[in-house]
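Line order of the protein sequences matches chains A and B.
Position 137 (the first sequence) corresponds to 137 in the UniProt record's numbering; numbering is contiguous.
Position 293 (the second sequence) corresponds to 293 in the UniProt record's numbering; numbering is contiguous.
Since the hints were made in silico from the structure, they are not lab data.
Among the hints, a few may not be true.
No copy labels: a pair is met if it fits in one copy or bridges any two.
Stated by the list, open to error - Straight line, CA to CA, 25 Å or less: simulated BS3-like cross-link-like pairs of lysine-lysine:
#1 Lys144 with Lys74
#2 Lys68 with Lys144
#3 Lys44 with Lys88
#4 Lys68 with Lys89
#5 Lys144 with Lys173
#6 Lys55 with Lys68
#7 Lys141 with Lys68
#8 Lys141 with Lys173
#9 Lys173 with Lys146
#10 Lys68 with Lys146
#11 Lys146 with Lys216
There are 2 protein chains.
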Amino acid sequence: MVGSMTVSVNSTPPVDLCANGTVHQAELLSASDDDHGGIIVDMKEPMDPDVFHAKLRASLSFWRQQGKRGIWIKLPIALVNLVETAVKKGFRYHHAEPNYLMLVYWIPDTPSTIPANASHRVSIGAIVLNDKREILVVQEKSGKLKGTGVWKIPTGGVDEGEEIFMAAVREVKEETGVDTEFLEIIAFRQWHKSFFEKSDLVFLCRLHPLSFDIQKQDLEIEAAQWMPYEEYAAQPVAQNHDLFAYITDLCLAKVDRDCVGFFPQPSRSTLDDDDQIGYLYSNVRDSSQSTSAAHQ
Amino acid sequence: MVGSMTVSVNSTPPVDLCANGTVHQAELLSASDDDHGGIIVDMKEPMDPDVFHAKLRASLSFWRQQGKRGIWIKLPIALVNLVETAVKKGFRYHHAEPNYLMLVYWIPDTPSTIPANASHRVSIGAIVLNDKREILVVQEKSGKLKGTGVWKIPTGGVDEGEEIFMAAVREVKEETGVDTEFLEIIAFRQWHKSFFEKSDLVFLCRLHPLSFDIQKQDLEIEAAQWMPYEEYAAQPVAQNHDLFAYITDLCLAKVDRDCVGFFPQPSRSTLDDDDQIGYLYSNVRDSSQSTSAAHQ
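Throw the hints in and build the complete structure from the sequences for me.
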C-alpha cells in the first residue's frame, strides 16, 4: 500500500475542495447496499452540517462512479438540521413518520424506479348480529356523525403490521367490550382523497358475538348498544346513503345465500427469504378442498 | 374602533418579544380551520426563518387560547429552510411526498387523536386466461425474480386515486399490450414490512382478454407470452410457493364453481359533502337484486 496525500487513483474516494480552498480527503458516509443497486444511509449520530455536506458530496460522487442507482438517507427528527443540506444536494422527500424523514436521490439518467410511498390507510367496519336480530352499534364522540344521534357499526383503523380480521375483533372489543369471532369479509370499498391525497380502503367484516355485555370505551365512544336490526336500518341516514343500505342488504341477504364473503387462511409468503406467514383472503375455505375441487 | 399600539386585549394576537428585546405585535400565520377543531397552515411563499419563528410562536399561543387541537403545517420542499424551526417549536413529522413535508403539533393535554399516516401500498396481480387454456405471463427486468427464468402473472401498483379494477386493466395493457375486461377479484393478501415499515395489499384479479397480440413494455419487462396453463403451473417456483399454487387452484376451480369473487359496483360516498362516486366490491352483483333477495 504505497501512497501519499497527493496520489489520487480511481478506487479511492474523491477529493473534496473546501470553501477555504484547501484540499482534503473527504470521508464517505457510512452506508449499506440495498437489493436494487442502491444505497441506504441510516444516519444515527449527530453531525455538523458542514461535515455532512462534505461527506455527502464525496459519497455521491463515489456512488455515481460505482454505478449506484437510488440513494436513500434516513434522518431521525433529532438530525433535522441536516435536512436542508440533503435537499440542496438534490434529494427529495420520500416519506416521513413522526420520528424520521426518508429522503431519496436517483443517480442514473434513466427514469426513476424508486417505489411509490404508501398510498392507503386500511380500516374495518364490523357487522355483529346476535340471535335476536340485533346489531351492535355505537355513537362516536368526534367525526362527521358527532352529535347527530346516528347509530353506526364499530369502525377503526388496521394498525401497521396487523391482520385485517384481527383488527376487526380488536376494534369491537375496544369500543364495546364485546368478544367476537371473525366470520368473513363481505365487501370492501376505496375512498379517495379521504385524508389529504391519500385513500382509505375499508373492509366490511361480519363477526359472531361470543359475549353480550356492553362496556363502552370512553375516549372515542359516546354510546353503544344492541339495536333491533330494523331500527338501525330505518335511520334516515341509512335511507340516504348507499353504504348503510348496503350493509342492510348484505346482512339480510346472508340468510338466503351461501358463499358471500372472503375468509383468511394462513399462507406462506412467496419469494421472500424470511418465509413470512400471512393470510390470504378468498372464498375458498381450505386449500386442500380447493385442490380436490380443481382436480375433479 | 379606538385603539393604540400599547393597548392589548384578549382578542388581539399575542405580543412577541424579539431577541433584541424590542416588543412588537407579531403577525399570525395564514391558516384555516379543519373539521376536527384543528388548524391547517399551508405555506406557499418563502419566509425568513426568523420571521417564521416569530409568527409561529405568536400563532401557537393564539391557537392555544382558542382551544385548538391539532395544528398542521404543510411545507413545500422549496421551504426546507423552515423545517428545523417548526421541529424546534415541538412539531413532529406526519407524512411526506416528494415535494412537501407535513408537520403536526398536538396542543391539548389529552391523548392525541391525530390520524395515522398511510400504512399500505396497494397493488394487483392479473390472471388473464384465453380460450386455449393459456395464461398471460411475463418475465421482469428487476426485482427478486430477475434472471431466474420464472414466468409470472403481470403485477403492478394501484396509483393514488385509481380504482383497483382499472389498475388491473391498465397494468396488463402497459406490460403486454393486451386489452382486457375486468371480471372479478378472486383473492387478496397483505404482506407486512414489505417496504420499510409499510405493508402491501395485493388484489388478485381475473380478467378476460379482448385482444391477443403481445407488445411488451421495454422498461420493466424482459419477455411476455401466452403460456399453456399446465406449463405455468409446473414451474418449480409454483410447486414451492403458496401463492403460485393458489392462483392455479383458483383458476381451475372457476370451471367447477360459481360465486368465487368480488366485483365492483358504483356506490355513492356516504357522509361526504362532495358526494364522491366510488366502487364497492362484493359478490352481490347488483344492489336491486340484492334488495329483492333480501326482502323475499
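Now for the hints, and whether the structure bears them out:
1. Proximity of lysine 144 and lysine 74 under a CA criterion of 25 Å is satisfied inter-copy only: 23 Å between copies versus 37 Å inside one chain copy.
2. With identical chains, the CA atoms of lysine 68 and lysine 144 are at most 25 Å apart between copies only, with a shortest distance of 18 Å across copies and 49 Å within one.
3. In this homomeric assembly, lysine 44 and lysine 88 come within 25 Å of each other (Cα to Cα) both inside a single copy, at 20 Å, and across copies, at 18 Å.
4. Taking CA atoms no more than 25 Å apart as the test, lysine 68 paired with lysine 89 passes inside one copy only; the shortest distance there is 16 Å, against 37 Å between copies.
5. For the identical chains of this complex, lysine 144 and lysine 173 are intra-copy neighbours only, at 23 Å inside a copy versus 40 Å across copies, given an alpha-carbon limit of 25 Å.
6. In this assembly of identical chains, lysine 55 and lysine 68 lie within 25 Å of each other by CA distance solely inside one copy; the values are 17 Å within and 43 Å between copies.
7. In this assembly of identical chains, the alpha carbons of lysine 141 and lysine 68 lie at most 25 Å apart only when taken from different copies (17 Å versus 51 Å within one copy).
8. When the C-alpha separation of lysine 141 and lysine 173 is checked against a cutoff of 25 Å, the pair qualifies only within one copy, where the shortest distance is 17 Å, while the shortest distance between copies is 46 Å.
9. In this assembly of identical chains, lysine 173 and lysine 146 lie within 25 Å of each other by CA distance solely inside one copy; the values are 21 Å within and 45 Å between copies.
10. When the C-alpha separation of lysine 68 and lysine 146 is checked against a cutoff of 25 Å, the pair qualifies only between copies, where the shortest distance is 17 Å, while the shortest distance within a copy is 52 Å.
11. Taking identical chains as interchangeable, the C-alpha atoms of lysine 146 and lysine 216 lie at most 25 Å apart only when both belong to the same chain, with a minimum of 16 Å there against 52 Å between chains.
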